[in-house]
Amino acid sequence: MNTNSILTRDEILRYSRHLILPEVGMSGQERLKSSRVLIVGAGGLGSPVAMYLAAAGVGTLGLVDFDTVDISNLQRQILHSESRVGQSKLESARERLQEINSHIQLNLHQGKLTSSNVKNIFQEYDIIIDGTDNFPTRYLINDASVFMGKPFIYGSIYRFSGQVTVFDVSRGPCYRCVYPEPPPPELVPSCAEGGVLGVLPGIIGTLQAIEAIKILLEIGDPLYGRLLMVDALSMKFHEIAIPPNPGCPLCGETPTINEFIDYEEFCGVPQTDNEQHEDEMTVHELRQLIDSGKQPTIIDVREPVEFEICRIPGATLIPLNELPAMIHQLHTAEDIVVYCHVGIRSRRAVNFLREMGFTRVKNLSGGIHAWATQIDPDMPVY
Amino acid sequence: MTITIKFFALGRELVGKSELQKSYDESVTVGKVLEDLRAEYPRLAQMPSMLLAVNMEYSGEDTVLKDGDELAIIPPVSGG
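Keeping their order, the protein sequence lines are chains A and B.
Counting from 1, one number per residue, gives the positions in the first sequence under the numbering used here.
Counting from 1001, one number per residue, gives the positions in the second sequence under the numbering used here.
Please note that a few of the clues may not be correct.
Claimed, not checked - With a Cα cut of at most 20 Å, we get these calculated SDA-like pairs of lysine to any residue: (1) B:Lys1017 / A:Asn4; (2) B:Lys1017 / A:Leu323; (3) A:Lys236 / B:Thr1004; (4) B:Lys1006 / A:Asp231; (5) A:Lys33 / A:Asn4; (6) B:Lys1017 / A:Ala232; (7) A:Lys236 / B:Glu1061; (8) A:Lys236 / B:Ser1023.
Said to hold, decoys possible - Taking CB as the label site, the calculated pair distances span: (9) A:Glu253 / B:Asn1055: 26 to 36 Å; (10) A:Glu99 / B:Asp1036: 32 to 42 Å; (11) A:Leu106 / B:Thr1004: 47 to 57 Å.
In short, the hints are calculated from the structure, not lab data.
By construction, the Cβ of each residue, glycine as well, lies at the ideal position given by its N, Cα and C atoms.
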């Protein structure tokens, strides 16, 4: 045994399948042990990334998350389990990762990644892995990675498709070169709203983990300047070369972004949830109307698959996308209540109907989720 | 000439299909096709940044399309 190695006898046995790979070997495994990788988000992507990098022997793993484990996470977030529902995701991750590999150091950064804490957190790590589920944090990670010269392994998922690449401005573009501006939030469905195949983050996250190992070991060809797109339905992998953009506001020839910005504002995220709308109706008010025989026209703007899960009695399904084409079915003289899952899509529908001259239309606050939790305990929650 | 346009991720929801074809009498640029698509699908017009590729090669809006070319429209994806 090489007594100079930082690997213990136990570790040499544990990593033996790595050690006999010429591309890894003792020196590569030692390098992994000395490496520090930060994973932002302990969710769908963060789960396989963290589990595989822990198993692979990356010596220091940092995790950032603010959330707690919800039962609806378990369909894809394999770090977590039934017994941990309600616990912090980071505590749940700690237990799982220590079961996998007790030799590694885990740093848990409880809370949201923000402009004020990002530098302190990032400076402790060699590589940043993106497992977030929102645009503000992705732009923050990108900007911080560019400012601090860290490689940033990007992954994202939507329904049946995913994207992976490695951003490092010393070798290719940054995220802003490809997407200078985020889409407006009303066009962006979350996993909760748009759905995602549970296995998909397993594919994308493991690709991110492989890229991390390659970069740490300086082997192979990481996805610098190449966006890999995975479509699980057709099971096709497409690759597009993405060049640096000279006009990039962050890493281009004349950058206009030189410090952190307000990412929530940049991405159009509403600053407060307290915005008062007069045209809101609570589920209790709707219940009273129905009970007193004054049932309004109830429009469900969710998708047909959601309508199959549950519906408010008497509701008519008009998915939000189809509302403009179906508007002739509604009359401005009638009282209309619009609902969706939690009240976001129906708010767009109400605003649209108001613009079209409907004055007697209201949004059901909290959507069918509120109805299921406050009015009808037999209704499934999803 | 006929161009095939493929929509990825959210693009599919914004136009309601994953693929469509457009015919033009004379050669067109990617920018012109995008302009037509934005007029036809207003929700697509709300996307400020989209990655474009012709025959799966990165493309700007100035690229001139040939008969049979495939234009891919790839909006940003945020899930994780």
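So, going through the hints one by one against the coordinates:
no., hint, verdict
1, B:Lys1017 / A:Asn4, "61 Å, violated"
2, B:Lys1017 / A:Leu323, "17 Å, holds"
3, A:Lys236 / B:Thr1004, "18 Å, holds"
4, B:Lys1006 / A:Asp231, "13 Å, holds"
5, A:Lys33 / A:Asn4, "14 Å, holds"
6, B:Lys1017 / A:Ala232, "17 Å, holds"
7, A:Lys236 / B:Glu1061, "25 Å, violated"
8, A:Lys236 / B:Ser1023, "26 Å, violated"
9, A:Glu253 / B:Asn1055: 26 to 36 Å, "28 Å, holds"
10, A:Glu99 / B:Asp1036: 32 to 42 Å, "56 Å, violated"
11, A:Leu106 / B:Thr1004: 47 to 57 Å, "48 Å, holds"
The structure is inconsistent with the numbered hints 1, 7, 8 and 10, although it conforms to all the rest.
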